[in-house]
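Visitor: Generate coordinates for the entire structure from the input sequences, incorporating the hints supplied.
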Amino acid sequence: MGTLEGHLLPGICLLIFSLHYSVMVSLALLRGQRFLKPPLTPKEKRGHRWWQLVPVEGMMKVAISLTGIITEFFYPPGVNRMMMVDWEDPRRPFVFYDNWYHVTMYGFFMLSGVVDIVSRACQAQQNVKLERAAEALAFCVLVLLMACHLENKGTLEVRTHLLFVAPTFLVTLVLTMEVWVPDQPTLWVLKTWMGLVLSTWMLQLCVLMYVPPSGQPWRAENPGDLAFLLIFFCWHLGFGAIVLAAVYGLCSLWHHRISSWREVPRAKYQLCPRSYSSEELEKLGTEAMLQDGGI
Numbered sequence: 001m002g003t004l005e006g007h008l009l010p011g012i013c014l015l016i017f018s019l020h021y022s023v024m025v026s027l028a029l030l031r032g033q034r035f036l037k038p039p040l041t042p043k044e045k046r047g048h049r050w051w052q053l054v055p056v057e058g059m060m061k062v063a064i065s066l067t068g069i070i071t072e073f074f075y076p077p078g079v080n081r082m083m084m085v086d087w088e089d090p091r092r093p094f095v096f097y098d099n100w101y102h103v104t105m106y107g108f109f110m111l112s113g114v115v116d117i118v119s120r121a122c123q124a125q126q127n128v129k130l131e132r133a134a135e136a137l138a139f140c141v142l143v144l145l146m147a148c149h150l151e152n153k154g155t156l157e158v159r160t161h162l163l164f165v166a167p168t169f170l171v172t173l174v175l176t177m178e179v180w181v182p183d184q185p186t187l188w189v190l191k192t193w194m195g196l197v198l199s200t201w202m203l204q205l206c207v208l209m210y211v212p213p214s215g216q217p218w219r220a221e222n223p224g225d226l227a228f229l230l231i232f233f234c235w236h237l238g239f240g241a242i243v244l245a246a247v248y249g250l251c252s253l254w255h256h257r258i259s260s261w262r263e264v265p266r267a268k269y270q271l272c273p274r275s276y277s278s279e280e281l282e283k284l285g286t287e288a289m290l291q292d293g294g295i
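For what it's worth, UniProt numbering labels the leading residue of the sequence shown as 1, then goes sequentially.
Certain hints may be false.
Claimed, not checked - With beta-carbon atoms standing in for the labels, derived distance ranges:
1) Trp-261 x Met-82: 37 to 47 Å
2) Pro-90 x Val-23: 54 to 64 Å
3) Gln-216 x Val-179: 45 to 55 Å
What the hints assert, rightly or not - With a Cα cut of at most 25 Å, we get these calculated DMTMM-like pairs of lysine to aspartate or glutamate:
4) Lys-37 x Glu-57
5) Lys-153 x Glu-57
6) Lys-153 x Asp-98
7) Lys-153 x Glu-5
8) Lys-153 x Asp-225
9) Lys-37 x Asp-183
10) Lys-129 x Asp-225
11) Lys-129 x Asp-89
12) Lys-37 x Asp-86
No lab work stands behind these hints, which were simulated from the structure alone. Ideal placement from N, C-alpha and C gives every residue a C-beta, glycine not left out.
Guide: What follows is the structure in structure tokens.
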């Protein structure tokens, strides 16, 4: 992950998942749902086609994590970083530890995807708590790895990764709480907001460390450059809130438009009320005959 491409992959994927959750949270709030993702019906009552059983979200987690693991070990083509210990050196040092950090992170997210697939497609009844626990574990591992990742790094990288750890820890905390209290809309909003901040800040790291707009690298020894990191992070907090509000507004328009379409009165046959008297019935029949005759 120590390259531009290595940061772009998780950043873009986090952004896609965060936008997906933004739409889910917005619709859940508008519909007054008790749960963000209502539990699935028992397996025997669902369709028998494979695309009706296998969750798309779980498949995406597995595919993205597997892609990240392969690139950590074998990108660019021709390299092989799977070796963990240099056995030819008498000191037996660990090698490629940064890549193993990232592979471990991807591995736990892959585990979360596998748990989603097993829970929704293989078990007779979906286990929502197990899914949330696996996802919380993946983010918890991410926090630990990012905290250890700060060793032997420059001041600039330490500061940027510390700001990355803060929202990651909040997401981990919310996911852990959702194992026991999944029906709290406040937690849904906080988790989605921090997910948007995580994804945009990851993309910001690509700009800061690899393609700075000024063409000059950021200087860790310059207090002004370090001060602007915190300013940019605060901007990302505000930008994440604006994006979430914009998604909610668009979903609100769509939700109300769909609701209005469903409430449009249609021509229907209605039963004649039995409370009418014979005179009223004759009057209604005469009016109907006159209308037919006028056509």
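Visitor: Against each hint, give a clear statement of whether it holds in the structure.
Guide: Status of each hint after checking the structure:
1. For the pair Trp-261 and Met-82, the beta carbons lie near 56 Å from each other, so the given range of 37 to 47 Å is not met.
2. The given range of 54 to 64 Å is respected by Pro-90 and Val-23, whose C-beta atoms sit roughly 57 Å from each other.
3. In this structure the hint that Gln-216 and Val-179 lie 45 to 55 Å apart at CB holds, the actual value being about 46 Å.
4. Under the criterion of a C-alpha separation no larger than 25 Å, the hint pairing Lys-37 with Glu-57 is consistent with the structure, at around 12 Å.
5. Between Lys-153 and Glu-57 the alpha-carbon distance is near 34 Å, which puts this suggested pair outside the 25 Å criterion.
6. With a C-alpha separation of about 11 Å, the suggested pairing of Lys-153 with Asp-98 holds against the 25 Å cut-off.
7. Distance check on the hinted pair: Lys-153 and Glu-5 sit about 20 Å apart at the alpha-carbon level, within 25 Å; holds.
8. For a cut-off of 25 Å, the pair hint linking Lys-153 to Asp-225 stands: about 17 Å separates their Cα positions.
9. Proposed proximity of Lys-37 and Asp-183 is supported: the alpha carbons are some 10 Å apart, at most 25 Å.
10. With a C-alpha separation of about 44 Å, the suggested pairing of Lys-129 with Asp-225 is violated against the 25 Å cut-off.
11. Simply put, Lys-129 and Asp-89 have alpha-carbon atoms about 47 Å apart, too far for the 25 Å limit, and the pair is violated.
12. The suggested pairing of Lys-37 with Asp-86 is violated, with an alpha-carbon distance near 47 Å, which exceeds 25 Å.
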